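K.L.:
Now for the letters of each chain:
Protein chains: 2
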Amino acid sequence: MTETATADNPGKLWIVGMGPGDQGLITPEARQAVEASTDLVGYRLYLDLLGPLAQARRRHEAALGEEIRRADMALDLALEGRNTALVSSGDAGIYAMASVLFERLAERPPEERQRLDINIAAGVSAMQVAAAHAGAPLGHDFCTVSLSDLLTPWEVIEKRLHAAAKGDFVVALYNPRSERRDWQLNHAREILQAHRPADTPVVIARHLGRDDENVETNTLEAFEPAHVDMLAVVLVGNSQTRAIDDWVFTPRGYANKES
Amino acid sequence: MTETATADNPGKLWIVGMGPGDQGLITPEARQAVEASTDLVGYRLYLDLLGPLAQARRRHEAALGEEIRRADMALDLALEGRNTALVSSGDAGIYAMASVLFERLAERPPEERQRLDINIAAGVSAMQVAAAHAGAPLGHDFCTVSLSDLLTPWEVIEKRLHAAAKGDFVVALYNPRSERRDWQLNHAREILQAHRPADTPVVIARHLGRDDENVETNTLEAFEPAHVDMLAVVLVGNSQTRAIDDWVFTPRGYANKES
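Listed in order, the protein sequences are those of chains U and X. Residues in the first sequence are numbered from 821 upward in steps of one, following our numbering. Residues in the second sequence are numbered from 821 upward in steps of one, following our numbering.
Treat the hints as calculated values from the structure; they're not laboratory data. Among the hints, a few may not be true.
A pair holds if it fits inside one copy or across any two, identical chains being indistinguishable in the list.
[Said to hold, decoys possible] Once the Cα atoms are required to be at most 25 angstroms apart in a straight line, the calculated SDA-like pairs of lysine to any residue come out as: (1) K986 - S968; (2) K832 - I1064; (3) K979 - A1018; (4) K979 - R1009; (5) K832 - T1037; (6) K979 - F1043; (7) K979 - Q1060; (8) K832 - N1034; (9) K979 - H1007.
Everything numeric in this text was worked out from a predicted model, so none of it was measured.
Chain U with its partners taken away, still in its complex shape (with noise of 0.2 angstroms):
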């Protein structure tokens, strides 16, 4: 339908995250985005989220761990001329493909930077799903912690810890627990049950927005790490959190509570 670019006239390429999975969470300006391009570039299993949003597409595919081939790939494919997705689950700003980008967009000359045409489309991220689903855990300050050490050393994602929890900020922690990182999350608990209570509400949700969607409420002390994996994200109260009936919610009138 739409005229080829030509080189000398780079594709429009959108970085855009799909949230968790579910149709109902895929922003209008995501799907547009989407809609409007000829190339998608992503994970199999985040295209596989688009549903009939890929259908007469090109898919450009490429395993878990190579976020690099695919940020160059995009980037690639839009000073070809191709009107390019880079396409992540969650928000694509948040522990997804927009900070690669830029990471080898730095590395590339600057006539071929001037020449692209970036943009980037704000998504749901699994935390504000899993908060969602439990109530308000995130109703006050809180901070993301990723456990992965792939990327990052161990010390830095311990001393974010203890400043988490120093600063008494509720914690979202993604990529908690995988087979071959099996004791990180337990050791978050420790740092972080040593400034707030063992009773401190945890959420703990599973495959969000698919059929097998599970979200568990227990306690800092309780909650069993061997119910994590890699599709958890598990949210840890602050000292103020409470469970009510199903629900956990952060107030944010601790100036009432306190007077």
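Since the structure of chain U is already known, use the hints to place chain X on it.
P.N.:
For chain X alone, kept in the frame of chain U given last:
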């Protein structure tokens, strides 16, 4: 169209976030929740964000600062049998109405709580759109801190800022400044600057999703607090955050950089 529920048969209560103002950032789930409701509760400005969606529905407005009253209205309407949407901007779970709703729910007798059918729709929060329009500043571990000391004592806020600084978190500052709260932002800058370079990139995003949206990139040392108002969100990079051309991003590849 739908049968009016009786008080024995309470209405469905949705807590929804409509994003920062752009129709393209309203999730289908949030839109459907509003469409399924007969009654909308919210601050007038947020209901206006809904545009045509808000038409043909009973509007229950309350002023900024009357969050408790809005939460109570939503609970009462649902208990009276009305299908009700409590409308926030952004993500209902992040500095918005979900937390207040549960604070008020906890004050209700068990028989009322058990009759309620509560659902929460996640949305896109201001920091995510600010990040998307600036590059990928939230590309690694980050935290959010509200600088409003209306509900939270300043000592708690200050403790969080020190923790965020020590943990080298990217920091998203919400409610950064108002006419009556004009010194907190500069104080936050001083705390962060003690732990990270003066040229750390800072993103100031104002009036997101509106015609006069403005996303400005500056440095921790040089940014002008007077450019920041109540409708702004401020993102402060961590020690690794970089600027390239007009973009700001925080790389995840610590290991690569340091090896």
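K.L.:
Each hint should be assessed against the structure and marked as holding or not.
P.N.:
Against the structure, the hints come out as follows:
{"no.": "1", "hint": "K986 - S968", "verdict": "both (21 angstroms within a copy, 20 angstroms between copies)"}
{"no.": "2", "hint": "K832 - I1064", "verdict": "between (48 angstroms within a copy, 19 angstroms between copies)"}
{"no.": "3", "hint": "K979 - A1018", "verdict": "both (21 angstroms within a copy, 22 angstroms between copies)"}
{"no.": "4", "hint": "K979 - R1009", "verdict": "both (14 angstroms within a copy, 21 angstroms between copies)"}
{"no.": "5", "hint": "K832 - T1037", "verdict": "between (43 angstroms within a copy, 23 angstroms between copies)"}
{"no.": "6", "hint": "K979 - F1043", "verdict": "within (23 angstroms within a copy, 28 angstroms between copies)"}
{"no.": "7", "hint": "K979 - Q1060", "verdict": "both (23 angstroms within a copy, 15 angstroms between copies)"}
{"no.": "8", "hint": "K832 - N1034", "verdict": "between (38 angstroms within a copy, 22 angstroms between copies)"}
{"no.": "9", "hint": "K979 - H1007", "verdict": "both (12 angstroms within a copy, 23 angstroms between copies)"}
Every hint from the earlier list agrees with this structure, and none is contradicted.
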